[in-house]
Amino acid sequence: MATTPTATASPAARVLRSPVFFSVVAAVAIGALFLIGTGADPLAAYGAVLTGSLGSDGIGSTLTTGTSVLGMALALAIPLRAGLINLGGDGQLVLGGIAAAAVGLYSPLPAPLTTALAVLAGMAAGALYAALAALCDIKFGVPLLVSSLLLSYPAASLASYLVRYPLKEPGSSLPQTPRLPEGVELPAFGTSTVTLGLVLVALAAVAYYLVDARTAVGYEMRMTGLNSRFTAYAGVRRGPQTLRLMAVSGALAGLVGSVGVLSFPFRFLDGSLTAPGYTWTGLTAALLAAAAPLGTVLASFFFAVLQVGGLSMERTTEVPRELTQVLQAIVIVFLAARLRITWRRRKGDVKA
Amino acid sequence: MTPQPPDPATGDTAADGPATDDTAADGTPAEGTGTHDTTAHNPTAHDTPAVELLGITKEFPGTLANDRVDLTVRRGEIHALMGENGAGKSTLMSVLYGMLRPDAGTVRVEGREAGFASPGDAMAAGLGMVHQSFKLFDSLTVAENVVYRAEPRRFGFVDRAAARRRVAELAEAHGLHVDPDARVGDLPVGVRQRVEILKLLHRGARTLILDEPTAVLTPAEADALFAVLRSLTDEGRTVILVTHKLREVMEGSDNVTVLRDGRVVARLRTADTSPDEIAAAMTGRAVELDRIHPPGTPGDDVLTVDGLSTDGVHDAQLTVRAGEIVGIAGVAGNGQSELIEALAGLRPVTAGQVGLSGRDITHASAARRRLAGLAYVPEDRHAVGTAPAASVADNLAMGHHRTSLSRKGVLPPKAVREHARGLVERFGVKASSPQVAASALSGGNLQKLLIGRELAHDAPLLLVEQPTRGVDIGAVQNIHDQLIAYRDAGHAVLLVSAELSEIRGLADRVLVMYEGRIVASYPKDEADERTLGLAMAGAAPTHSVEGA
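Protein sequences, first through last, are from chains C and V. For the first sequence, the numbering used here assigns the number 1 to the initial residue and increments by one for each residue that follows. For the second sequence, the numbering used here assigns the number 353 to the initial residue and increments by one for each residue that follows.
Bound-form chain C, shown alone (with noise of 0.2 Å):
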């Protein structure tokens, strides 16, 4: 945000410059190519995404994917702000469901105090692992790349044990919990999939708006993402700034989590948290933007868009959903060339 050199630009002029709107429009163009060379349709294909995603029948679909994807991508751009990657995404988002198939299963209390308590439990268990993490790097001097990276796996091993043994639903054949007792359930918008689940995330997301631009946490972190020597120098100390920023982002992966046991299908299956890879869908988002809150937004939108409207895709036209995972891919390429190309761009502007 701050970043760009065409801070005076209208807003418009500096989307339309921006790498990642060039990025991908590159990238739906290359994919064009692909079609075509395949015999496809491009435009048939990509009529079906949009319309997969955005239309009547998508947009529930595209609105739960983006749930999850933008709770993963705010958990990971967090830290990322600073200068920090968070790789346990997967291992927080695990502990964060089954803490919350965990409470919801055996509270006493009424349905509605139930929920709220699984939903706190799950952010509980994500943040005080992230922070087990971040404890790693500040202790101990493990990178935090690492440190998270690594962890993730014993608590995807724990959460197995637990669905297979412990919590497992008597005479299920499936490694899961039994189903959640009635009403313990995040409340959906009318008949669709959408739960409160969006608005906690999206709440989320303002707030991280909000702290990010008119907070002196949230300026400390942004300095320590573009220099950590500068905030360092001016007192702010890394370790308790990693492990705040950590629990919070271990707190979102857990909420993520506990939004999906809490609402359809209603009870923790292993694997059915990590499989749809939200985690890295997720990072992927992050670094797109930057890290940016409203670029965070979009971005995530964006994929969730492409992995709902792929699958649609799919079911109308003979193009294999592979393709949107090709355009995520070629964003990426592209955007990994963002200097090269913004330096070009800026020539280009002297001499017009």
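Some clues are possibly wrong.
Using 25 Å as the maximum straight-line C-alpha spacing, the simulated SDA-like pairs for lysine to any residue come out as follows [said to hold, decoys possible]:
#, chain 1, residue 1, chain 2, residue 2
1, V, Lys-760, C, Lys-139
2, V, Lys-760, C, Ala-204
3, V, Lys-766, C, Ala-216
4, C, Lys-139, V, Thr-662
Rather than coming from a laboratory, the hints here were simulated on the basis of the structure.
Since the structure of chain C is provided, determine the placement of chain V on it from the hints.
Below, chain V alone, put in the same frame as chain C:
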């Protein structure tokens, strides 16, 4: 916001595109040239210039770094290339050395047209460059460094004995005394520089380009370097000296070419010019050089350091009082940075006591020290003192963001902008808007930003490291005036500088650091260049160095 004149360079190019070789246009060369325009435009047939650059134009996005620059360096001379930061010196030398391709213009080396595609080509044509940061392998010996990539071979293997002989011979022949078997990492900076020069001589360089060669040297080492350079030119080699230090240009060079805003503004014969004339050409106005400011009136102790030790500093003893500037002189790398970092709370103290306004801050965090009344201008303004990618406003907010600018943790963007506007105006930082990235500022403006931000804390103690390193002459005066005004407002200032003239001009007392110890202390009137120079080289008379 300060009004900023539109950049003439940019407007210019947009209008007329790539430059032609019409050198006479735009009144180039401009003021200061007068009568002694001896080197330019009269290449004599029997004496081919060592280096000739004609009409070099190089444009970067947003700046015209070189605008039809002509430079003629005769064989056997020491030619100084001067100019402030951003004047285009580095660009010009990069063009000459094959690191940049010019948009227009011709490069001739010893009469032959040359368009070097890489430094390797330039070396093959007899050029050699000593960069400001040395390019040596610390873990290898002197001989190994010197012959690197031009090793004497025997049966296809590196002939180490021959290499050592060769280096010893070269060193002997040129008075560059150095042990071929010493490890470069163990050598002092002055000696490493000799290794760099030997490297060039080993490859048969006939023209040597030295970029700011004395930045890391004591006065005595600098004198020795010039003796070596003179002996090299006596045997027919040529030296191009890129520098901004007037003193050594006056003492060591034959001719001077001054660049400003990418153009040649003066070609001078050293014998016929004066430091004031060169400075005026560099800045475009008359400048008062090396002013010695009158002493301050010290009050109570503000900073008391008693037996402080940390990694790189041993048993430091010093006091800074309100209303005085204490200067720490010393060759870079003798513990000054470590001492300041320990005082700023960025480096753990292993022994001793540090007091600030009567409070013990020996083990306090950096944040707590700032609350106790400490502001700090660090040496490295890009890596430590600012976040270049962040906006000017965000850079100016640092340290103020939890005190004056925010309430209960809320930091309104408007407050940050207003704060930035105020400081930009008060300290004359030239920025088109507080929202531009700090990386867009020149070195001098970035330093003004940094100093302004720290002065604005109004802290009783200010630590300043190298306040004018890499800063234009014009801005130097402004920064010095700010520091003196801060002192006169009753604050204590601890100043570390590698520039003796700066220390002498500003400091009320001068301490000298050598190998991690404070080895001497002089009142202002005794701190002359010779005395300080001796102490910096470790030859101080062993007298008491109490903080008084």
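| Holds or violated: Lys-760 of chain V with Lys-139 of chain C, Cα cutoff 25 Å? | violated, 30 Å
| message | Lys-760 of chain V and Ala-204 of chain C were given as a pair; does the straight-line alpha-carbon distance stay at or below 25 Å? | response | Holds. Lys-760 of chain V to Ala-204 of chain C sits at ~21 Å (cutoff 25 Å).
| query | Do the alpha carbons of Lys-139 of chain C and Thr-662 of chain V lie within 25 Å of each other, as the hint requires? | reply | holds, 22 Å
| said: With the threshold set at 25 Å, check whether the alpha-carbon distance from Lys-766 of chain V to Ala-216 of chain C stays at or below it. | reply: Distance of about 13 Å is within 25 Å: holds.
Checked against the numbered hints above, the structure violates only hint 1.
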